[in-house]
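Starting from the structure of chain A, add chain B where the hints point.
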Amino acid sequence: MDVPASPSRNLHALVRRDRVHGSLYRDPALFEQELDRIWHRGWVYLAHDSEIPAPGDYVRRAIGRQPVLVVRDHDGAIRVFFNRCRHRANLVCHLERGQAKAFVCSYHGWSYALDGQLTGRSFEEAYAGSPPPDAFGLTPIPRAESYRGLIFGSLSAAGISLDHHLGGVKEYLDLIIDRAPAGTVELGAGTQKTRYRGNWKMLPENSLEGAYHGHFIHKFTFDLSDKRIGRNRAVTHEDSIRYLPGGHMVEDFRKVELSKPAARTPAHEAYMEALTALHGEARVREILGGRTPMVFVFPNLMFIQTHFRRLHPVSVDETFVYYQPALLKGAPPEINREILRHHESYFGPAGFLSADDLEIMERSQVALGAEGDDWLYIGRGLHREKARPDGGSAGTTMDENHLRGLWRHYAELMSSE
Amino acid sequence: MSQATELGIWSFLFHEARLMDEHRYAEWLDLYTDDAVYWVPCNGEGSDPEREVSFIYDDRARLADRVARLGSGTVLAQLPQSAMRRVVSNIEIDAPDSGPERTVQSNFVLVEARGGQQYLWAGRAIHRLRPAGDSFRISFKKVVLVNNDQEVPSLQFLV
Chain A
473 MDVPASPSRN LHALVRRDRV HGSLYRDPAL FEQELDRIWH RGWVYLAHDS EIPAPGDYVR
533 RAIGRQPVLV VRDHDGAIRV FFNRCRHRAN LVCHLERGQA KAFVCSYHGW SYALDGQLTG
593 RSFEEAYAGS PPPDAFGLTP IPRAESYRGL IFGSLSAAGI SLDHHLGGVK EYLDLIIDRA
653 PAGTVELGAG TQKTRYRGNW KMLPENSLEG AYHGHFIHKF TFDLSDKRIG RNRAVTHEDS
713 IRYLPGGHMV EDFRKVELSK PAARTPAHEA YMEALTALHG EARVREILGG RTPMVFVFPN
773 LMFIQTHFRR LHPVSVDETF VYYQPALLKG APPEINREIL RHHESYFGPA GFLSADDLEI
833 MERSQVALGA EGDDWLYIGR GLHREKARPD GGSAGTTMDE NHLRGLWRHY AELMSSE
Chain B
9 MSQATELGIW SFLFHEARLM DEHRYAEWLD LYTDDAVYWV PCNGEGSDPE REVSFIYDDR
69 ARLADRVARL GSGTVLAQLP QSAMRRVVSN IEIDAPDSGP ERTVQSNFVL VEARGGQQYL
129 WAGRAIHRLR PAGDSFRISF KKVVLVNNDQ EVPSLQFLV
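For the protein sequence lines, the chains are A and B, in the order given.
In our numbering, each number is its position in the first sequence, counted from 1, plus 472.
In our numbering, each number is its position in the second sequence, counted from 1, plus 8.
Isolated chain B, as found in the complex:
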């Protein structure tokens, strides 16, 4: 893999993280392909979302509903919006398989400040990135939160 490709992937993930931290919903949604799947399992790693419940298992249409709601200014748990910053690291770019897409794994640590409390979230993200112009779009994203089998407070922001 060229250094340019590697840097391109890194900066793409950092850009996505910034959009999530700053509640820039429309720009974030634009990163996703029309056939995208966005998956946040509960009860561990997640095996088969067709047979098991997840926290989130969105196709593009539901993802659009999700960000429309989050951006509507009516979500009680987001009045005011969470202040967030996350660090994305431990980025591993898998060897390319047959198609043009690349699978990228990364860890994140996220601090959320909301309603007089501070919440610490962490997890591993798996992106499938599809080349688009001189950048990428996300065709699949899975986020495995480390505490997804524990009793968690509300998760009304983007991970």
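Chain A with its partners taken away, still in its complex shape:
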């Protein structure tokens, strides 16, 4: 075999132009390296503004293996702290979400304001010889920034800005978020939580190539819906699979034509009117034309039309997935109700699509135990892959150029010092 003895030292040997090595999904040492080089260094999606609308609202999240707390302060600012008491390291917040006036550590009662300041040490007189309280505020994560309500965090003080990290993918986030007449989506409608026994990288790979695997693992569901809306999946489009610098991927379905578009109700008319007044007809055609793009924001956020999924890597062979419908603020209730029902029918553990994906990824993980010829082939459409001016690539429906871009980016990050 031509694989180096210590694969974690030389990632470029494991990621080739048209294939990747099986150990990338399987090797616990590489998972540790990913935590260090990807999750604990770069920008990671944490939460959405609308999940913590009022002062004191909070959600617990994790960046890689590190627990953090995302909270809205009294002044409306969003703050992200390590979820760790400065005394002797207990969770200052152990509930997953909620509303707090202050965070009080359960262990010895140290209390913190929403801005992280230590407001009380129990039995303070014994701390007479200790550093003052302001030396013990909750530790903020090095960087937290937002884009259109999407809150990201980075555990590295240095590095590119969020704006730079997102780069070209902002255009696609805008396409989806601009569907909301009030200019923002709302993720406060709940979360379907699932898990699969497989590597985390399988989820973006799977989520952004449904046009290909859908013919096989989702055939029943696709047939059911395609018949109703008049979609012909045999039609392919050039420049619809895109890789964007930064590890992001897009499946752009805007050119898809439906022969039987859904009937419009008065609520749809009102929605279209509101959207057109806001953006003009040309932009609305772009926003709503054909099918909405599917987007992966490296390393853990996916938009499948107005459905979010966020992944959390548990270990090299276990991943948690969180599915959330993104409601359109300012849209008639009927439109948002459709989004909820659409979401349930396709996503989550009981959905008509997601369960097939979870199952197929678990089977892949088992198959990766076979090391005979330990390479996965990602060369589909290599001969017609086109470079984009931004440094990304474009391919035809079902091509794997976006996966090739993702892996190249991954190898660069993993090989960085």
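Because the hints were derived from the structure by calculation, they are not lab data.
Cβ atoms here follow ideal geometry from the backbone N, Cα and C, with glycine treated the same way.
You may find that some hints are simply not true.
[Stated by the list, open to error] Label-pair distances were calculated between CB atoms; the ranges are:
no., chain 1, residue 1, chain 2, residue 2, range
1, B, R59, A, A859, 31 to 37 Å
2, A, S787, B, I134, 34 to 40 Å
3, B, V119, A, P500, 54 to 60 Å
4, A, A549, B, D73, 43 to 49 Å
5, A, K691, B, D56, 30 to 36 Å
Positioned in the frame of chain A, the structure of chain B alone reads:
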């Protein structure tokens, strides 16, 4: 309430449980009224399905799609089908309100064997039963799984 009514409700729930355990989809769907709602909330008890996402919130048409798919032999997570048996107990029949329907609450424990693993599911079911001939049909069913706010594996069978 007469003992006969009580026994009738019990045996109806046991019959429904058997149909679910044995993947008898068409017979199960026949238990539901045309205006039925079938609801499996996530994130706790579930308050307003018009404003919150659920695992399942089906009307009769979507329920028909659901069982058509589950029975199609194409669902990957059901090849082979889960082997299941559940126990239904702690049955409480609410006092009748205005209409002819009765609300029945029950607990269940379900063991699912699939793909070399064994899964334990449990929850509380709320049925609204509408008298139909000498039995009932289900006009509303809500199933609150105890783990519906945790990361769960796929749920590709009937609860």
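These are the hints, each one checked on the structure:
| no. | hint | in the structure |
| --- | --- | --- |
| 1 | R59/B x A859/A: 31 to 37 Å | 46 Å, violated |
| 2 | S787/A x I134/B: 34 to 40 Å | 37 Å, holds |
| 3 | V119/B x P500/A: 54 to 60 Å | 32 Å, violated |
| 4 | A549/A x D73/B: 43 to 49 Å | 45 Å, holds |
| 5 | K691/A x D56/B: 30 to 36 Å | 35 Å, holds |
Checked against the numbered hints given earlier, the structure breaks hints 1 and 3 and satisfies all the rest.
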